[in-house]
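For the record, the sequence lines run as chains A, B and C. Note that the numbering used here has the first sequence beginning at 137, numbered continuously upward. Note that the numbering used here has the second sequence beginning at 2, numbered continuously upward. Note that the numbering used here has the third sequence beginning at 151, numbered continuously upward.
These aren't lab readings, by the way, just hints derived from the structure by calculation. Careful: at least some of the hints might be erroneous.
Below, a list of computed lysine-lysine pairs in the DSBU-like style, where the Cα atoms sit at most 35 Å apart [unchecked claim]: (1) 103(B) with 206(C); (2) 109(B) with 206(C); (3) 75(B) with 405(A); (4) 17(B) with 75(B); (5) 17(B) with 271(B); (6) 290(B) with 267(A); (7) 287(B) with 267(A).
These stretches of chain A come out as covered by chain B in the derived footprint (C-beta under 8 Å, 3 or more residues) [claimed, not checked]: (8) 359-365; (9) 390-398; (10) 417-430.
A quick note: this is a predicted structure, and the numbers were derived from the prediction, not measured. In this text, a Cβ means the ideal position worked out from N, Cα and C, and glycines have one as well.
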Amino acid sequence: MLRIRLHGRGGQGIKTASQILGTAAHLAGFQAQDFPLYGAERRGAPITAYARVSKNIVLERGAIAQPDILLIGDETLLSDPLASVTEGTESSTLIFINSRHPSPDLKKHYQLESLPVQLDISGLCQKYIQKPMILSTALAAVGVRLMGHIGLHHLLKAIRDELGQERLSADQLANNLKLAEEAFQKVPSFDLEFRKFDDGFSASHLVVLERRPPVDSVPVIFATGNMALRKTGNWRTHRPVIHYEECNGCAICYARCPEGDIRMDANEKPVIDYDHCKGCLICATECPKHAIEIIREVASWN
Amino acid sequence: MTASILDSVEESKYKKVTDLNPQEEIAPGSALCAGCGGLEGMRLAMKVLGEDTLICNAAGCFTLISVYPFTPLKGSWLYTSMSGPVPAAQGARDALDIRMAKHGLDQKENMQVMVVAGDGATYDMGLSPTSAAIHRNLDFIYFCYDNEAYGNTGFQQSGSSPLGSYTMTSPSTLDHPAGSERSKKDLFGIWMAHNPPYLATVSPREPIDLSNKFKKAKDMKGPRLFICLSPCPTGWGFDPKETHLIAKLAVDTGIFPIKEFVNGKVIHTKRPRKRLPVEKYLERQKRFKHLFEPERRDDIIAQIQNNVDTYWEQYDE
Amino acid sequence: MELTKNKQMMLTGNKAAAWGARLAGVDYVPAFPITPQTEIVETLSQWFADGHMNGKFTNMDSEHSMFMAAGAAAATGVRVFTASSSQGILYGLEALQTIAGWRVPLVLVNVSRALATPITLEPDHNDVLSLRDTGILQLHAETCQEVLDYILMAYRIAEDPEVCLPVLVNLDGFYLSFTREPVILPDEAEVRKFLPLFKPSQPVFQASQPMARASAVFGGGNYSYFKIQHHLAAQNVLTIYKKVAQEFGERFGRFYDAVERYRLDDAEYVFVMSNSFATKGKAAVQHLRKNGIKAGLLKLSLLRPFPSEIIGEALDHRSKVAVIDQNLAPGMGGIIYPEILKAVYRREDRPEHLLSVIGGLGGRDIQEGDFISILQRLDQDPGDDPLFLFDEKDLKQFDQLRQIAGFSREARVS
Numbered sequence: 137m138l139r140i141r142l143h144g145r146g147g148q149g150i151k152t153a154s155q156i157l158g159t160a161a162h163l164a165g166f167q168a169q170d171f172p173l174y175g176a177e178r179r180g181a182p183i184t185a186y187a188r189v190s191k192n193i194v195l196e197r198g199a200i201a202q203p204d205i206l207l208i209g210d211e212t213l214l215s216d217p218l219a220s221v222t223e224g225t226e227s228s229t230l231i232f233i234n235s236r237h238p239s240p241d242l243k244k245h246y247q248l249e250s251l252p253v254q255l256d257i258s259g260l261c262q263k264y265i266q267k268p269m270i271l272s273t274a275l276a277a278v279g280v281r282l283m284g285h286i287g288l289h290h291l292l293k294a295i296r297d298e299l300g301q302e303r304l305s306a307d308q309l310a311n312n313l314k315l316a317e318e319a320f321q322k323v324p325s326f327d328l329e330f331r332k333f334d335d336g337f338s339a340s341h342l343v344v345l346e347r348r349p350p351v352d353s354v355p356v357i358f359a360t361g362n363m364a365l366r367k368t369g370n371w372r373t374h375r376p377v378i379h380y381e382e383c384n385g386c387a388i389c390y391a392r393c394p395e396g397d398i399r400m401d402a403n404e405k406p407v408i409d410y411d412h413c414k415g416c417l418i419c420a421t422e423c424p425k426h427a428i429e430i431i432r433e434v435a436s437w438n
Numbered sequence: 002m003t004a005s006i007l008d009s010v011e012e013s014k015y016k017k018v019t020d021l022n023p024q025e026e027i028a029p030g031s032a033l034c035a036g037c038g039g040l041e042g043m044r045l046a047m048k049v050l051g052e053d054t055l056i057c058n059a060a061g062c063f064t065l066i067s068v069y070p071f072t073p074l075k076g077s078w079l080y081t082s083m084s085g086p087v088p089a090a091q092g093a094r095d096a097l098d099i100r101m102a103k104h105g106l107d108q109k110e111n112m113q114v115m116v117v118a119g120d121g122a123t124y125d126m127g128l129s130p131t132s133a134a135i136h137r138n139l140d141f142i143y144f145c146y147d148n149e150a151y152g153n154t155g156f157q158q159s160g161s162s163p164l165g166s167y168t169m170t171s172p173s174t175l176d177h178p179a180g181s182e183r184s185k186k187d188l189f190g191i192w193m194a195h196n197p198p199y200l201a202t203v204s205p206r207e208p209i210d211l212s213n214k215f216k217k218a219k220d221m222k223g224p225r226l227f228i229c230l231s232p233c234p235t236g237w238g239f240d241p242k243e244t245h246l247i248a249k250l251a252v253d254t255g256i257f258p259i260k261e262f263v264n265g266k267v268i269h270t271k272r273p274r275k276r277l278p279v280e281k282y283l284e285r286q287k288r289f290k291h292l293f294e295p296e297r298r299d300d301i302i303a304q305i306q307n308n309v310d311t312y313w314e315q316y317d318e
Numbered sequence: 151m152e153l154t155k156n157k158q159m160m161l162t163g164n165k166a167a168a169w170g171a172r173l174a175g176v177d178y179v180p181a182f183p184i185t186p187q188t189e190i191v192e193t194l195s196q197w198f199a200d201g202h203m204n205g206k207f208t209n210m211d212s213e214h215s216m217f218m219a220a221g222a223a224a225a226t227g228v229r230v231f232t233a234s235s236s237q238g239i240l241y242g243l244e245a246l247q248t249i250a251g252w253r254v255p256l257v258l259v260n261v262s263r264a265l266a267t268p269i270t271l272e273p274d275h276n277d278v279l280s281l282r283d284t285g286i287l288q289l290h291a292e293t294c295q296e297v298l299d300y301i302l303m304a305y306r307i308a309e310d311p312e313v314c315l316p317v318l319v320n321l322d323g324f325y326l327s328f329t330r331e332p333v334i335l336p337d338e339a340e341v342r343k344f345l346p347l348f349k350p351s352q353p354v355f356q357a358s359q360p361m362a363r364a365s366a367v368f369g370g371g372n373y374s375y376f377k378i379q380h381h382l383a384a385q386n387v388l389t390i391y392k393k394v395a396q397e398f399g400e401r402f403g404r405f406y407d408a409v410e411r412y413r414l415d416d417a418e419y420v421f422v423m424s425n426s427f428a429t430k431g432k433a434a435v436q437h438l439r440k441n442g443i444k445a446g447l448l449k450l451s452l453l454r455p456f457p458s459e460i461i462g463e464a465l466d467h468r469s470k471v472a473v474i475d476q477n478l479a480p481g482m483g484g485i486i487y488p489e490i491l492k493a494v495y496r497r498e499d500r501p502e503h504l505l506s507v508i509g510g511l512g513g514r515d516i517q518e519g520d521f522i523s524i525l526q527r528l529d530q531d532p533g534d535d536p537l538f539l540f541d542e543k544d545l546k547q548f549d550q551l552r553q554i555a556g557f558s559r560e561a562r563v564s
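Make a model of the complete structure from these sequences and hints.
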């Protein structure tokens, strides 16, 4: 069996990528399984999807803890400890990162055990479909190619099958196929060996729960306002940056921010809470002085 | 309402955004979508209502406001069920009243009891309990974040889905080109027929109007009901940064009238001087895309325009 | 109506339930009418209006709303009582399941009435047993006295700082709800010693105690924690029940075990029954005993938590046991029967024969002759299939009805 785990953000087509992978494997005659992990998370929030490809019946379900292939669509996730992107990887895990940085730099910067495969698929997406962060086609193409065993024609058929269900025009579909072909050609194939079932099962460490008082036995939260501990800043694909020299302190950005992430400081200037800003960019759109610039969040290092 | 209350409301009116309470009553970090119009509406409302509030919440997008072990609120929260928040508000209100009257609970311990529910829970399953609660003159605030479909489940048709809108369960097909074929229920009219002491529509794009309405309602008794049009980037299909633009167009085209019902009268508090054509609002949202592509459906657009015009004709001076 | 010390009065089961709430010093009653429960809420409404009860009675718009209001009020710190029946329980099921998970103390009464379809009025227990798996505790009453006493005990259990759960007291529609019999009304001052006025043992909603309750929980492990805790709390009630029942008995002279062992000592044949029809079972036991048959009856009172150990022990060494379910799970059989099987399965001295009997559906009478039939079946190999208490007379009567309904004797072919 080959186990593939995909990481990205809500709205980047990560689930569709896993479905293209699954369908391509199925078309190529393998047993396959694909699924997203539905959390209560939204556009911009970290998303995980999975695919399993096997020569025999797939006797596994649910999340993949130890992937053979890790496909990282959004590099910024690697800097977010909460996203736990590299969890369960070993030196043998094949890691792909959508990045402009060369592979050795990525290995060093993210302290990876092995050299990752790198390709700027956002650049390819921009070129073919003019949407740098709709990654479904390109990420699936990379996954199929890395894995090996599946031909390009099966990949393209899978893309037609899967994207055909979306409301795409003929042109858009054709562009996606071209995109897939280029992404497919640009990464090497590893023809990974199918792993056998683990034979080292050991018993789980079950515990006997003690009865606790009622108040400790229901979902009650006394730490009011503690939601701020969740740093939704990692949802952001673009960053609003205030140019204070142009800001007149009108407080429109503060009034319009749904998250309450902008406060007015003592000098009556707005300050953005980047720990939580989800990057909706309402502030930049609404600013009457156009004093807020939008900068794409790429990997936060150079 | 007595004249003296009216006067004091007048004095403390919000006039500009810097008049808003600088305190955020809802901490950031929730899992709601970036650019959520409903959250902006609720954020502004809570700035007025403050922390001595018990929110009874219905199943819907805002279920995600508090996910164990986190709450963004300074006040209290009770998750109920889809049609449960209004009767829960009744139970909580009654219990607080009983404790103050019978058990000597200090008045300082009193709370504003508030229902937060989406349009699915409000227009459909929760309509009957709400009708009953208004009829019982329950002393509570109702905040409906109206994104015109069942959003949390992935955007299916609700009683609030407008004519011509595409939802996951009202696709545009050859036989049913409009998508949703019925106009949204006139919830304002339905609630108004119960003659509540206060009823208003609010827009997240109009923080001053919204704040003044909540300020007015805060000091009143009985059912005080709010419908907040909540532009939904995810379901409506627009870039999150355009939330306020869409909200503004809803008002400027006359599609979403900003009004209140108080003392038996409907007053439009933000009346568009010259209404923009409805397509200015429709064309920016993916849920109406089928009205423009592959071919323009002038018949359906005209019907939507006609509905808006007919509405405003009632109020033409 | 004046209260005097230990006054005995003729009361219906419904009135006894209302008295239970009144004596408990209930603060709050959200109500919605349904036959055969109406007398309870009508009586309470009048008592609130007359000032005999202090607090609030609120007419709700449905059972769903009623139970939700009840739960929220309990979470806001008042003593809550409410009552329903049958379809009302089903309509409110989502709310009941929800508030059970809130871990708030309150008492509700169910007046059993069989479920649609067909819609009917007389009792069986499919309504109350639909709550079997909600984690709401259940006490089932045989007499009007038990109705009242169980309500008082139910508050003690519900409000125990280790429990904090809704407790349901069940009584049969018509057979108890509208049936008057002498009931001892305990002295209010004595009741207050047994059950002081409500003081919440856990944080409740008020301005100085902000909190979020019942927030969404994601992750199966986290969810499991709360559910397992609910189970542990419910299981723990087996101990708490014993303590409460003992104290109640010492104070009022009426002792209620989790089960009643009626002439069980040397019984070879045992009927397992609950609720008002247990009275009929007792009569049958007396009759059989007169005829030299060693019969006895095990009455189930505490249904949740399920007193497995107590039941298993009571049935040790019995040769023949019939579990009479006044309910039916189509495609399975009786609902209580497999629970009794669970109680006896691991016991070395478990009964030789265990027969499942389904009777009393929709209030169908269970007569002495039925008990003889049950005995006969027990003497044979009872097998796995349930024995249905449906006789020739029932069939003949029904066939007459279906002819009037337009069916000929032969099946109608259109």
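Going down the list of hints, with the structure as the test:
1. 103(B) with 206(C): Within the cut-off at roughly 10 Å; holds.
2. 109(B) with 206(C): holds, 21 Å
3. 75(B) with 405(A): holds, 25 Å
4. 17(B) with 75(B): Holds. Residue 17(B) to residue 75(B) sits at ~25 Å (cutoff 35 Å).
5. 17(B) with 271(B): Answer holds: residue 17(B) to residue 271(B) is near 15 Å, not above 35 Å.
6. 290(B) with 267(A): holds, 19 Å
7. 287(B) with 267(A): holds, 16 Å
8. 359-365: It holds: at least three residues are needed, and the region 359-365 of chain A offers 7 whose Cβ sits within less than 8 Å of chain B.
9. 390-398: Since 8 is at least three, the answer is holds.
10. 417-430: holds (count 5)
Consistency with the previously given hints is maintained throughout, with no hint failing.
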